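Colleague: Going down the list, the protein sequences come from chains X and G. Counting in the working numbering, the first sequence runs from 6 upward without gaps. Counting in the working numbering, the second sequence runs from 6 upward without gaps.
These are computed hints drawn from the structure, not numbers from a lab. There could be a bad hint or two in this list.
[What the hints assert, rightly or not] Within a straight-line C-alpha distance of at most 20 Å, the following computed SDA-like cross-link-like pairs (lysine to any residue) qualify:
1) Lys332/G <-> Asp514/X
2) Lys340/X <-> Ser175/G
3) Lys336/G <-> Gln497/X
4) Lys390/X <-> Ala464/X
5) Lys332/X <-> Ala173/G
6) Lys63/G <-> Arg264/G
7) Lys325/G <-> Lys152/X
8) Lys571/G <-> Glu412/X
9) Lys390/G <-> Ala467/G
10) Lys336/X <-> Lys77/G
11) Lys332/X <-> Gln172/G
12) Lys152/X <-> Arg181/X
13) Lys332/X <-> Arg518/G
14) Lys63/G <-> Pro431/G
15) Lys336/G <-> Arg181/X
16) Lys325/X <-> Ser175/G
17) Lys332/G <-> Leu511/X
18) Lys571/G <-> Ala467/G
19) Lys390/X <-> Ala498/X
20) Lys152/G <-> Gly247/G
21) Lys336/G <-> Arg228/X
22) Lys390/X <-> Arg462/X
23) Lys571/G <-> Ala495/X
24) Lys63/G <-> Gly447/G
25) Lys340/X <-> Lys571/G
26) Lys63/X <-> Ala88/X
27) Lys63/G <-> Val76/G
28) Lys571/G <-> Ala580/X
29) Lys571/X <-> Ala498/X
30) Lys152/X <-> Gly93/X
31) Lys325/G <-> Gly93/X
32) Lys332/G <-> Asp584/X
33) Lys336/X <-> Gly226/G
34) Lys77/G <-> Lys332/G
35) Lys336/G <-> Gln172/X
36) Lys63/X <-> His259/X
37) Lys325/G <-> Ala595/X
38) Lys340/G <-> Gln329/G
39) Lys63/G <-> Ala88/G
What you are looking at is a predicted structure, and each value in this text was computed from that prediction instead of being measured.
There are 2 protein chains.
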Amino acid sequence: MSMFVNRRDLEFYLFDLFDTQALLEHERYSDYDRETVEAILDSAEQIANDKFYPCADKLDANEPLFVDGAVKVIPELNDALEAYAEAGFVAAGFPADAGGMQLPSVVCNAVSSLFTCANQAASNYMFLTAGAASMLRACADDALVEKYLGPMLEGRWFGTMCLSETQAGSSLADIRTQAVPRGDGSYALSGSKMWISGGEQPVSENIIHMVLAKLPDAPPGVRGISLFLVPKVRVNDDGSLGESNNIALAGLNHKMGQRGTTNCLLNFGENGETVGYLVGQEHQGLANMFHMMNDARIGVGLGAVMSGLAGYLYSLDYAKERRQGRKADAKDPTKPQVPIIEHADVKRMLLTQKAFVEGGQALIYYCSYLLDQQSIATSEAEAGKYHLLLELLTPVAKSWPSEYCLEANKLAIQVLGGYGYTRDYPVERFYRDNRLNHIHEGTHAIHGLDILGRKVRMANGAALQLLAAEMAPTLAAASEDAHLQGHADALQAAWQQILATIEAVLSSDDSERSLANATLFLNSFGHIVVGWLWLKQALTVADRDDAFSEGKRAACRFFFAYELPKACTDLDLVASLDDTCLSLTAEQLAG
Amino acid sequence: MSMFVNRRDLEFYLFDLFDTQALLEHERYSDYDRETVEAILDSAEQIANDKFYPCADKLDANEPLFVDGAVKVIPELNDALEAYAEAGFVAAGFPADAGGMQLPSVVCNAVSSLFTCANQAASNYMFLTAGAASMLRACADDALVEKYLGPMLEGRWFGTMCLSETQAGSSLADIRTQAVPRGDGSYALSGSKMWISGGEQPVSENIIHMVLAKLPDAPPGVRGISLFLVPKVRVNDDGSLGESNNIALAGLNHKMGQRGTTNCLLNFGENGETVGYLVGQEHQGLANMFHMMNDARIGVGLGAVMSGLAGYLYSLDYAKERRQGRKADAKDPTKPQVPIIEHADVKRMLLTQKAFVEGGQALIYYCSYLLDQQSIATSEAEAGKYHLLLELLTPVAKSWPSEYCLEANKLAIQVLGGYGYTRDYPVERFYRDNRLNHIHEGTHAIHGLDILGRKVRMANGAALQLLAAEMAPTLAAASEDAHLQGHADALQAAWQQILATIEAVLSSDDSERSLANATLFLNSFGHIVVGWLWLKQALTVADRDDAFSEGKRAACRFFFAYELPKACTDLDLVASLDDTCLSLTAEQLAG
């Protein structure tokens, strides 16, 4: 039915690879069973197909424009977002008592995947809204929640995250936006925010900005950051819209991809007062922001996977139709050309894409599933276990797809050849869209430092032990399977290499040097986690002999033969504490 | 002086790494010495700086448009190309008796690199013209040469290559364009040609298309292809322009990058007769085309390197200026932020770019230098030696930079972070420009099949032996150097692995299976050649202790520590004749 997603594969992750069925039997999700979940996916797929997919190319070719101080977008964007809001999907993951659908995270992310794969630029507005609403609900006092949450969950008001400033991108310690108490419990905001996705748009009635700013008495650095709710239009006590809150759009950034999502420079308090409301405690802004960071980062990973998947499925269809060349042993030019899917290197490019995008899907749904396990945990200890696992895996979920599903997009272009390089086909757009994911929600390098500098060490390595325990049943079962035994051995050896690498890093007393190759560690760690998830996929289909299962087995074999060895090669380097890069000076680079 | 090229580094390749001085002492180049060559480079750099670089962004943002059957371009493109032509650079590599400058290839490519780095899309028009002129001179009879060559070398008439058709991209055996004798020695052309770079433009007085087509009695396949000269405007006997030759522009392809180079669908003989002239013998068109293929393919590699270099130098400048974050051991937020070049991962991203783009430059100038050695060879045996070496290295020169300098462009974006993702900075354009180079002049996969299926086997492996002989002095000298000995050992081992891999491939009687991973072989082979060239660079500066030389040594160390091991990992796989990809079916991929 769908042009852009394989529902059978999606349900494989939900119901075969991970036990969403058991999750649905929990009382928290007792309104749902597999049938109702599938109906929700059907409904999401229908809207994605009818409203999101058809305008994706047009939205890219006609990006939002800044005309006379306002933003203009193509009308199809309004239609798509209205349909999404009307279906209630902004509130998909929120509890029923907040007006939400109370769906498990793994199902919410399956829904999101349908929209992202269809039209990432359009979907971003809705995910940002859900993220802002989630932070509001988790951190704000009842009065703020009462006033703002409802219209956001209904999708009448959209939300944004305002963190970065021109001088403070990766370094939030350096933000300068000020919030001065107005004496009535509210604050006057002044300053500029850069890179604000959805910061202005003509679609929703109001925009609720979640803004990081500093109080006049704030301590320096990240300990002095507070979080404020700052509406575009002030809201009266009865919930109706009042006057403008004087947030000026200073300009739109024109990006290489994800062009349909406006990206804004916003000025607060420049022409008249901009009023904001403290969310949570003073100086706790960053901690509050981190409440939803895991969700947002898994969301970035999901976006990267879905850009990759869109390219994979498109290039797969193309390769089955496009005829070019002949097999090496049948070169007779009077005979018809063969579909290019018959050429070995085209198969290699398709299988590489499959291994990355389906490995990435397994990773994302696994993390979502852990979020659900954390939500329904019956003890603090159990919840803590899932929290630790997620702390370890979130940098991987965000970063691994950004690297490898971008590579998948590169190969999708290559399968289409010259056609793929033109804007008549969407594969070059997917590649442009995906290039952002290395950069936002923490750059690739920052996640490398996070995992090697913090996450593998926390609680004395407890998260690593938990992950090893998660992998153990797969390794044990695969060791009993003649076809998978070799992979199990390879994975076990790679895991031992991870542990040895961490030991080498921890044993160094030069922290800068020991972290100098953290990005390589991040990629390799991700490869080992995804290798495990491929082994788990292969085990899941071990007794089935349809084409779907053969494809899963082939992708697993591919990952272990072509990819895992690269991770081991890079780990050797990380463990050697090589300082070639670190010891370099600017003068030497400039030459 | 230049914003986009490092002249010191350029002259390092020409005069330190390769002995262009000795070349200039040859009588063929006796008009030149180092001083005059530097003056030519100065003049090229001036035009590139003044005319090519300033309009590169504008040309990308305002791509040529198809309006009322004609092409419109920004006026700056005309100015740039006129300045190039007036300086005589189209004829840089042509002999004096043909009106050329008679410069060695290595100097011509140094000149080209200045223009390509400044503005690849504009430069393409001129390189295509030189390529078409070169083919004309090599293959056509005197009358055709007399009539057409002069205006092309003067840059008044531009040239194109018309090979592909919509159903015949990689598979030229399947072209359908017809050439029917008109009885007067000329031919009537009919058919469509796709992907024609520069196929229409409003800059030059005429366009000379070099067109592959089939005679009515042609045998099927590549043995039935002939080459024709087909002017856009017919040329009278006195050299003046006559009537239109009825070549219709059916449309422009809109690409993701290199947007300033028109890319056309051309129809021949649709509305009135299109007259063409046979170049060379009937049915020898592909062989004639291959006369200039080595040049063209080295040109593609050069373009890829220069896109990479442009990104490297831009991101290096940015990293020295942009302040963000603090060192791990000095996090005090009241202190100023540090330039990002001080962060270990930024250094890694810059050094990776340096290793790829300077390794790529060495590769390209080395191949150019071999072309020169071939030109001045005093015996057929000596010329044959250089010919064989070039046959082996041309797929590498075309393909290795397309892969690794694209990766460099990806990292240049990452160094700039969010800024790099916007169109306000050129690094995203370089990335888009470079993505083409995997595809044209033979796809990456085709060069993989070429090197593993043909080149390493030809003349009983003689080309491999010649390359080993070229590497031998470097290995011997490096083995005597305490700092480089380890690299020499690693390179020697990698070379043995190349030979063992080829032996494994040759010993298989399943040719499809043995070539199934040819693309990986191509990349690995390239890594070993570039590794050698890095060792040669490090040796060249072994006794110098300035920052330039330290940078070269660091990049060499980086390449051997971070990159060469990956090639060896992939060669293991190629040698194993893994058939995971090959044995896959379309059904299994679709799932």
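Colleague: Next, verify each hint and record whether it holds.
Modeller: Taking the hints in turn, this is what the structure says about them:
1. Lys332/G <-> Asp514/X: Status holds; Cα separation ~16 Å.
2. Lys340/X <-> Ser175/G: Status holds; Cα separation ~16 Å.
3. Lys336/G <-> Gln497/X: violated, 38 Å
4. Lys390/X <-> Ala464/X: The hint holds at about 11 Å.
5. Lys332/X <-> Ala173/G: It holds: about 15 Å lies between the C-alpha atoms, which stays within 20 Å.
6. Lys63/G <-> Arg264/G: holds, 10 Å
7. Lys325/G <-> Lys152/X: violated, 47 Å
8. Lys571/G <-> Glu412/X: Satisfied, since the Cα-Cα distance of roughly 17 Å is no more than 20 Å.
9. Lys390/G <-> Ala467/G: Cα-Cα ~9 Å, so holds.
10. Lys336/X <-> Lys77/G: Since the Cα atoms of Lys336/X and Lys77/G sit roughly 42 Å apart, the hinted pair is violated (cutoff 20 Å).
11. Lys332/X <-> Gln172/G: Between Lys332/X and Gln172/G the Cα gap is close to 17 Å, so the pair holds against 20 Å.
12. Lys152/X <-> Arg181/X: violated, 28 Å
13. Lys332/X <-> Arg518/G: Holds, at roughly 12 Å.
14. Lys63/G <-> Pro431/G: holds, 11 Å
15. Lys336/G <-> Arg181/X: holds, 17 Å
16. Lys325/X <-> Ser175/G: holds, 16 Å
17. Lys332/G <-> Leu511/X: Status holds; Cα separation ~19 Å.
18. Lys571/G <-> Ala467/G: violated, 26 Å
19. Lys390/X <-> Ala498/X: Since the Cα atoms of Lys390/X and Ala498/X sit roughly 25 Å apart, the hinted pair is violated (cutoff 20 Å).
20. Lys152/G <-> Gly247/G: holds, 13 Å
21. Lys336/G <-> Arg228/X: holds, 12 Å
22. Lys390/X <-> Arg462/X: Holds. Lys390/X to Arg462/X sits at ~15 Å (cutoff 20 Å).
23. Lys571/G <-> Ala495/X: Cα-Cα ~18 Å, so holds.
24. Lys63/G <-> Gly447/G: violated, 29 Å
25. Lys340/X <-> Lys571/G: violated, 40 Å
26. Lys63/X <-> Ala88/X: holds, 18 Å
27. Lys63/G <-> Val76/G: Given pair Lys63/G, Val76/G holds - Cα atoms ~17 Å apart, limit 20 Å.
28. Lys571/G <-> Ala580/X: holds, 16 Å
29. Lys571/X <-> Ala498/X: It holds: about 13 Å lies between the C-alpha atoms, which stays within 20 Å.
30. Lys152/X <-> Gly93/X: Cα-Cα ~19 Å, so holds.
31. Lys325/G <-> Gly93/X: violated, 48 Å
32. Lys332/G <-> Asp584/X: holds, 16 Å
33. Lys336/X <-> Gly226/G: holds, 9 Å
34. Lys77/G <-> Lys332/G: violated, 51 Å
35. Lys336/G <-> Gln172/X: holds, 16 Å
36. Lys63/X <-> His259/X: OK: Lys63/X and His259/X at ~16 Å, within 20 Å.
37. Lys325/G <-> Ala595/X: holds, 10 Å
38. Lys340/G <-> Gln329/G: holds, 12 Å
39. Lys63/G <-> Ala88/G: holds, 18 Å
When held up to the earlier numbered hints, the structure conflicts with 3, 7, 10, 12, 18, 19, 24, 25, 31 and 34 and fits the remainder.
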